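J.: What follows is each chain in one-letter form.
2 protein chains.
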Amino acid sequence: MLEGVMDDVVEPAGEDLQLPRVLAALAEPNRLATVRYVARSGESCCSEVIQEAGLAMTKSTFSHHLRILREAGVLTKRIQGTKGFTRLRKDDLDLRFPGLMDAIIDAENQDLHVERSRDSASSATPS
Amino acid sequence: MLEGVMDDVVEPAGEDLQLPRVLAALAEPNRLATVRYVARSGESCCSEVIQEAGLAMTKSTFSHHLRILREAGVLTKRIQGTKGFTRLRKDDLDLRFPGLMDAIIDAENQDLHVERSRDSASSATPS
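From first to last, the protein sequence lines are chains A and B. To convert, note that position 68 of the first sequence is 68 in this note's numbering; the numbers rise steadily by one, no gaps. To convert, note that position 93 of the second sequence is 93 in this note's numbering; the numbers rise steadily by one, no gaps.
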């Protein structure tokens, strides 16, 4: 089996999504950043997500996080050739947990805004 | 110091609530049940929560879960005499993460509804 094509991750069906597992998958800053990026950008090449979402991690560590998000049913992955593409399972998540993903994506944007405001405030301090 | 009165848990200020930590605190079925019960019932005596929320656990295990919820800023605890009372920090949570707690509480209710429907279906099977 070719590396990059093999994939043993089991993604749950929509009706089998479990709230504790979804919340646990989202309870990590890099995974939140991944979900936020994919929610905004639509289906994305995995290597693009690492770079564009500003994740300071190896491809192997990203695969670990992606596995957790896929096994919880938050993201799904499609393989085309040697590349992997991932997207948010927004419809499945909205059906089971109405409003949850919007609240988390918006909250995360707000969080980043707060962080950036703090950064601006500290960098504006005279040196 | 009297047992039952001592309390070394640090509850974060509203502006210091962190989304990953809140989600991690909620990512456990017993803690979800606790939050759902307190959201519905308002400020509740801790021993009442264990019983009424149907938590099959000791007081010590409940204290462990309550600590995680308090340290994340989801619940707060007030001590009166030798009794502890806990309530949801709904205003603080709504301010930082609009819609999140409502989505989680509603989703959890829906989850229970699904579970009960499944139970009814299986118990309706002729024996």
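If you are wondering where the hints come from, they were derived from the structure by calculation, not from laboratory data. Be careful, since some hints might not be right.
Across the chosen pairs, the derived CB separations fall in these ranges [said to hold, decoys possible]: (1) B/R40 - A/Q18: 20 to 26 Å; (2) A/Q80 - B/E43: 29 to 35 Å; (3) A/E43 - B/T82: 53 to 59 Å; (4) B/E28 - A/D106: 22 to 28 Å; (5) B/I79 - A/V10: 42 to 48 Å.
This one's a predicted model, so the numbers in the text were calculated from it and none came from an experiment. Beta carbons are placed, not taken as given, at the ideal position from N, Cα and C, and that holds for glycine.
J.: Please name the hints from earlier in the document that this structure breaks, with their numbers sorted from lowest to highest.
T.: The structure conflicts with hint 2 only, although it agrees with all the remaining ones.
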